[in-house]
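Trainee: Sequence:
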Amino acid sequence: EGGAGVAAEGAGAGGGVGGGQHVHNNNNGCGAEAGGIDPIRTADQAGPGGGGESAEVKEGGGAGGSGRPGEAGGGEEKEGAGPASTRSQDDIYSGLSARSCKLFSLLDETEPSPVIQLLFTSSGASLLGLCASGLHKYWKQTDQGFRMWQPVSGLSMSNEVRAESGGRPCVAITKNDSYVLSASGGQVSLFNMRAFKVMTTFMQNPPAATFLAFHPSDNNVIAVGMSDATVHIYNVRLDETETVLRAHTQSISSLTFSKTLNLLISTASDALVCVWDSQMYVQRSSHNLNAVVARELPLHGHPIMLHLNPIDQKTLLVVHPNQLTLHNTVSVSRLRGWAPHPRSPYTVLAASYSCNGALIFVAQSDGSLLAFDSDLLTPKFCVNHSLTHAQEGPSKRQILQMTSHPSEPLKLALSLSDGSVQVMELSSGTIESDSNEQRRIEA
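Read in order, the letters of the sequence shown are residues 1 to 443 in this note's numbering.
No wet-lab data here; the hints were simulated from the structure.
One or more of the hints may lead you astray.
[What the hints assert, rightly or not] Taking CB as the label site, the calculated pair distances span:
id: 1; residue 1: PRO345; residue 2: ASN262; range: 38 to 46 Å
id: 2; residue 1: SER156; residue 2: TYR346; range: 34 to 42 Å
id: 3; residue 1: ASP143; residue 2: GLN283; range: 44 to 52 Å
id: 4; residue 1: ALA195; residue 2: SER122; range: 16 to 24 Å
id: 5; residue 1: SER122; residue 2: SER156; range: 20 to 28 Å
id: 6; residue 1: SER286; residue 2: GLN144; range: 43 to 51 Å
id: 7; residue 1: ASP312; residue 2: SER122; range: 13 to 21 Å
id: 8; residue 1: GLU109; residue 2: ILE311; range: 33 to 41 Å
Beta carbons are placed, not taken as given, at the ideal position from N, Cα and C, and that holds for glycine.
Make a model of the complete structure from these sequences and hints.
Mentor: This is the structure:
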């Protein structure tokens, strides 16, 4: 019927490694015990020949040890009120104790292009990265850790890149880990993840795709955010757009489906968050983020990302370079907010819920990684990355993207601006032993 369609079931791409090959370089300098994973150097071992796999993690009971709104660079803000913080950014770290974690650098013998989109597969057994060049990088979990993989055919997954189209690099993976949907300013491509074969292409531009999301109940239905501020509900099997959603005035920056609430949430550079019924595709509610200005820079015109709490999906995290806010998913009413100090030069680069919904991991432009209590939206601990702190000046590496493991609450994958990808494993001791918190982590 028209298009190729997406299989509803089948062997996931994150399964066994048969039928493909792991890409490796025998001259990578890793010892046999490393098994293809190169430990990241720590800050005090960052010189030539340094090694090690520990990084400093600082922990505390919220901002500056108090966790109260208005302290340690951020806190809850009231509607219509100014920034809650009156203390310097350094106060976020000053009262936090140190803990350890493990950082592993994933081997990569392909082109050194920055990974600007990074996703774990639903099984957690694979990592997929989309580079600025349009090339996809794919790592599979083996007994020796994550290893770069490609089919025996030697095919690679690459997008048509059209920087002038107004589109943004975007990627999505089906729940069964068998297909990936991707675009880099050109047409949207559907790839088979086992064979790296292009199944179909669609959505001629302009306008160009800026964000992609599979419907949680039907892999053949896709929400495509567009550079012309519309959201297209596209049916791959029928090869047609079923409906077009119009409410935004600028390019769509993020989309997310809630299966439990039957909702689709959209946001755009216009700072508007809209909630749509994901069956009838009628608008249910909306919220203008410009109603509360957390810092001197306006929200309007900046990319905004959405993340649902993975446990009950009743809470929506809105991520902006200048602030974080929590909202009721259905009404989009604002619950809490946090922002760096108004005079701080640091901004939020990326954020992600832990898979159990207990924590929100936040990467900042100073190279730090903060973990927030997901209910109170206050900092609990921070990790200082040696790779970002070891360099200064314009060439300093930064975190570009971050993704949480789907079944291990203290495991993350991060991509850096130099093209490298790291996996971080936080020790269980990183979280305070509060009995209520411990139950959430173990869950």
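Trainee: Hint by hint, note whether the structure agrees.
Mentor: Verification of the hints:
no.	hint	verdict
1	PRO345 <-> ASN262: 38 to 46 Å	holds, 42 Å
2	SER156 <-> TYR346: 34 to 42 Å	holds, 36 Å
3	ASP143 <-> GLN283: 44 to 52 Å	holds, 49 Å
4	ALA195 <-> SER122: 16 to 24 Å	holds, 19 Å
5	SER122 <-> SER156: 20 to 28 Å	holds, 22 Å
6	SER286 <-> GLN144: 43 to 51 Å	holds, 49 Å
7	ASP312 <-> SER122: 13 to 21 Å	holds, 19 Å
8	GLU109 <-> ILE311: 33 to 41 Å	holds, 39 Å
The structure is consistent with each of the numbered hints, conforming to all of them.
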